[in-house]
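Using the sequences and the hints, build the whole thing.
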Amino acid sequence: EAGVAQSPRYKIIEKRQSVAFWCNPISGHATLYWYQQILGQGPKLLIQFQNNGVVDDSQLPKDRFSAERLKGVDSTLKIQPAKLEDSAVYLCASSTRQVSYEQYFGPGTRLTVT
Amino acid sequence: AQRVTQPEKLLSVFKGAPVELKCNYSYSGSPELFWYVQYSRQRLQLLLRHISRESIKGFTADLNKGETSFHLKKPFAQEEDSAMYYCALRRASGYSTLTFGKGTMLLVSP
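Chains as they are written, first to last, in the working numbering: chain A, 5 to 118; chain B, 23 to 132.
Derived from the structure by calculation, the hints contain no laboratory data. Please note that the accuracy of each hint is not assured.
[Unchecked claim] Under the rule of at most 25 Å between Cα atoms (straight-line distance), these lysine-lysine pairs were calculated in the BS3-like manner: (1) B/Lys124 / A/Lys48; (2) B/Lys95 / A/Lys87; (3) B/Lys37 / B/Lys87.
[Claimed, not checked] Which bits of chain B does chain A cover? Going by a derived footprint, with three or more residues having C-beta under 8 Å, they are: (4) 42-50; (5) 122-129.
Even for Gly, the Cβ is constructed at its ideal location relative to N, Cα and C.
So, in structure tokens, the structure goes:
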């Protein structure tokens with residue numbers, strides 16, 4: 005089966021600019037996750053979707069980050085405006101159901117904010 | 023709050039030596055523990071979980087609730103084991119998110 009797809013793979017922007025990331029999960033996977041991984045850290049969950057509804061966004065900085073999954077399939081994560089500390093790898097993952105022991109990760113998008 | 027601690031950033035061993043990657047957790051309830059691995063230029067992927075009690079690629083991990091640990095072990099390291107290893111925790115009941123440790127880089131030299 006095709007894996008989780010993400011684009012772009014790399015992005016460099018200046019602070020205060022906006023950026024958007026796209027994720028297409030594995031076909032049939034109802035649950036989608038966005039993680040932020042800062043250099044030297046483990047992945048940190050930003051938001052979890054079940055179909056097109058938000059299950060957990062408690063760690064999402066809502067003043068600048070937003071995410072949507074309108075049709076319950078692919079998803080976009082947006083940062084507006086970006087700060088230097090947003091430099092990180094943004095990982096998308098999917099799983100077959102809400103309570104699933106295995107999450108399948110995409111290749112990630114490496115964001116550099118200058 | 024739940025927390026996962028991996029005390030070593032880097033573990034360097036020679037091929038054929040035993041390996042133990044340490045993981046300690048903090049959580050008052052009943053947890054599920056996992057090890058995820060990321061090989062060079064590959065995606066993060068599940069290696070094993072404590073419930074299955076299986077050996078994957080020669081690795082095993084036992085959940086020790088008394089010591090709140092879930093160390094990853096392999097008796098004889100191979101060069102292809104070189105990778106970044108992350109320990110992760112999730113509440114056993116209901117939906118919940120994974121909490122990852124900071125990771126340990128395992129480097130196996132010939």
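*asked:* Need the status of pair B/Lys95, A/Lys87: alpha-carbon distance at most 25 Å?
replied: violated (40 Å)
*Given the proposed pairing of B/Lys124 with A/Lys48, does the C-alpha separation stay at or below 25 Å?*
Holds, at roughly 10 Å.
_At least three residues with a C-beta closer than 8 Å to a C-beta of chain A: is that true for the region 122-129 of chain B?_
holds (count 4)
*Residues of the region 42-50 of chain B with Cβ under 8 Å from chain A, three needed, outcome*: Three-residue rule not met by the region 42-50 of chain B, so violated; n is 0.
*Keeping to a limit of 25 Å between CA atoms, is the pair of B/Lys37 and B/Lys87 held or broken?*
Between B/Lys37 and B/Lys87 the Cα gap is close to 31 Å, so the pair fails against 25 Å, i.e. violated.
Checked against the numbered hints above, the structure violates hints 2, 3, 4; every other hint is satisfied.
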